[in-house]
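2 protein chains.
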Amino acid sequence: MKLSDGIEQAIHCVTMLAAAPEDGLLSAAALAEFHGVSPSYLLKHLQALSGAGILETVSGPKGGYRLAKGAETISLLDIVLAVEGREPAFRCKEIRQNGPNPLPRRYFKAPCQINAAMIRAERAYRDELATVTVADLNAEVAEKDDGAIARRGCMFFEENLRHARR
Amino acid sequence: MKLSDGIEQAIHCVTMLAAAPEDGLLSAAALAEFHGVSPSYLLKHLQALSGAGILETVSGPKGGYRLAKGAETISLLDIVLAVEGREPAFRCKEIRQNGPNPLPRRYFKAPCQINAAMIRAERAYRDELATVTVADLNAEVAEKDDGAIARRGCMFFEENLRHARR
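Protein chains in written order, with the numbering used here: chain A, 87 to 252; chain Y, 87 to 252.
The following block holds chain A by itself, in its conformation from the complex (with noise of 0.2 Å):
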């Protein structure tokens, strides 16, 4: 089981644009390059964020994206199912239907007490992760800040923020 690359990339993404004053837009090509990755990739991914409500897409040569909500109602959730999608990680496929000999269809009315267990452990994985926003990790990483990664920030917005009319 592997998360997609996409995940740390988003979320990456998704904290610098919470952190961005005025309401600020940042191209994918100015988000790729701060974090060194590939801008198609990117794109990919922004546009997932961009889908599920998390960003804002504004188009045109000034474009960019911003935040579409409040950064203390954006979850890690939120961006792990934007990139990954709604499913389950665990996809029964109910094999215990299969064979020459399977058992009466009475039994598969409820889904298997394996599938029940995987599902619990995938809610708790679920569970935790809503409980940490944007915000949250916004305010964590300024915790530890000297004035170093506040300076990197102020930089990089002052070199690339563009501004649109909500």
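Relax, there's no trap hidden among the hints.
Note: identical chains are not told apart, hence a pair may lie in one copy or across any two.
The calculated EDC-like cross-link candidates involving lysine to aspartate or glutamate, where the alpha carbons are at most 20 Å apart (straight line), are:
| hint | residue 1 | residue 2 |
| --- | --- | --- |
| 1 | K88 | E208 |
| 2 | K88 | D213 |
| 3 | K88 | E180 |
| 4 | K195 | D232 |
| 5 | K148 | D109 |
| 6 | K195 | E229 |
| 7 | K179 | D91 |
| 8 | K148 | E244 |
| 9 | K88 | E170 |
| 10 | K179 | E119 |
| 11 | K195 | D231 |
| 12 | K88 | D164 |
| 13 | K195 | E226 |
| 14 | K88 | E173 |
| 15 | K155 | D222 |
| 16 | K130 | E119 |
| 17 | K230 | E180 |
| 18 | K88 | E214 |
| 19 | K155 | D109 |
| 20 | K130 | D91 |
The hints are simulated quantities; they were obtained by calculation from the structure and are not laboratory data. These numbers were taken from a predicted model, which means no experiment stands behind them.
With chain A's structure known, arrange chain Y on it following the hints.
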């Protein structure tokens, strides 16, 4: 994020072997036929379970697989890690160290807050899977059984069970 189909197959095979009487062996071919799955694909996962110390392999034409230890000591987590590997789903590439203007190295001694949050979620997932043993699963199935599941198992064992000394 998707777990391989091998997980479902591996869990069903281990629960089946846990129900086998008299320390009996089942061949990969019999297990594949019973579950209606590809023998070569299943074999890969049976070997992984054997490598992880969950199953014991007895080689030869009358060989097969049996549990290497008690069903009450094998958890769903053991099976998932045997099949999927032990690496976490989120594999931080430290992209915060990328780009034309990286932060000073002192910031990279501790894991990034994002990685820490993703690891907490994975721990919750694994902790939940660790609470469920193969013995628990078989007990739950037996509780719902009006006899048809046990009969189906018995027929399968009568036709396919092999024996070898420990």
